[in-house]
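So the sequences go chain by chain: A and B.
For the first sequence, the working numbering gives the first residue as 10, with consecutive numbering after it.
For the second sequence, the working numbering gives the first residue as 32, with consecutive numbering after it.
Take these hints with a grain of salt, some might be off.
[As the list claims (entries may be wrong)] Negatives, chain B to chain A, calculated, CB over 12 Å:
hint, residue
1, G41
2, F82
3, L166
[Unchecked claim] Covered, in the sense of this in silico footprint (three residues per stretch, anywhere, with C-beta under 8 Å from a C-beta of chain B), are these stretches of chain A:
hint, stretch
4, 35-46
5, 57-64
[Stated by the list, open to error] Beta-carbon label-pair distances, calculated as ranges:
hint, chain 1, residue 1, chain 2, residue 2, range
6, B, L243, A, S59, 58 to 66 Å
7, A, A57, B, A154, 47 to 55 Å
8, B, E240, A, Q41, 54 to 62 Å
The hints are simulated quantities; they were obtained by calculation from the structure and are not laboratory data.
Just so you know, even glycine gets a beta-carbon here, dropped at the ideal spot from N, CA and C.
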Amino acid sequence: MLVEVFVTPKRGVLDPQGRAVEQSLKSLGFSQVRGVRVGKYILLELTAASATEARQTAEAMCERLLANTLIEDYRVRVEGE
Amino acid sequence: MKWGVVTFPGSLDDGDVLYALREVMGQDAISLWHKDERLYGAQCVVLPGGFSYGDYLRCGALARFAPIMNSVARLAREGGLILGICNGFQVLCEARLLPGALMRNCSLSFVCERVTLRVENAATALTRLLSPGELIRLPIKHGEGRYVAPEQELRQLEQRGQVLLRYADADGEIRPRANPNGSVNAIAAVANERFNVFGLMPHPEHAIEPCLGGTDGLKLFGSLLRDA
């Protein structure tokens, strides 16, 4: 089962990469930009009996390793859920 | 006191720490491999700088799960001394043996320079050869050294005196210009609540002989030694 994990800097945590990208987009003329956060995209291939089980596994992985919850938020998307 | 210096795949400064301890300070120091499950009697363990596991995912995130880290955590629980330098500091934060986290420098640039540090708490095992307010000079070299901690935790850190060193200018003033990475409250070194686990971004092992540009690093290693 394919599971997508998105890890982004927590709100309120300064994201200098996001800020640099935001500035560049604005200087390219994309004046609509109101904010940019740069994070990570992790694609997992899991064996799981159900989408619920896959989600639980992925969330446990995020809590233990994939995200540092002190500074990062994560979001899990399970294929077919 | 017996010292142990951990080598992870990608560690860079393990040899320099061993040199400082053995050759300059005449200490009994052993090299520990990341796959070791034991500390072989080491009472003070140093996690050195470098790029453990290629800094993949997050700096220190993978090293935290190396077999040796179980023993390091046990030593911390037993009150033994642990010092994390640069990448070692990142590993200790990821392992939650130290509060907070280290993030990409505000400038997005790798910084490599000698900085001035102001001693904030000189009553700890890492700083007892120094005086409060004393200025020391140590090199830094990192891309991800911006110390952050949640607001409430930060307040507690400050109240309990867990902030040991701050980046300062030559007059000892804390100014944004003297902060090389954007660390909150210009924090360069912290201790855990029990004051037996320490982490700092600057490199004491690179300031141990006059020919290296200074010997202030010896005061930190020497403090740990006196504690034994």
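Structure-based check of each hint:
{"no.": "1", "hint": "G41", "in the structure": "17 Å, holds"}
{"no.": "2", "hint": "F82", "in the structure": "17 Å, holds"}
{"no.": "3", "hint": "L166", "in the structure": "27 Å, holds"}
{"no.": "4", "hint": "35-46", "in the structure": "violated (count 0)"}
{"no.": "5", "hint": "57-64", "in the structure": "violated (count 0)"}
{"no.": "6", "hint": "B:L243 with A:S59: 58 to 66 Å", "in the structure": "59 Å, holds"}
{"no.": "7", "hint": "A:A57 with B:A154: 47 to 55 Å", "in the structure": "52 Å, holds"}
{"no.": "8", "hint": "B:E240 with A:Q41: 54 to 62 Å", "in the structure": "57 Å, holds"}
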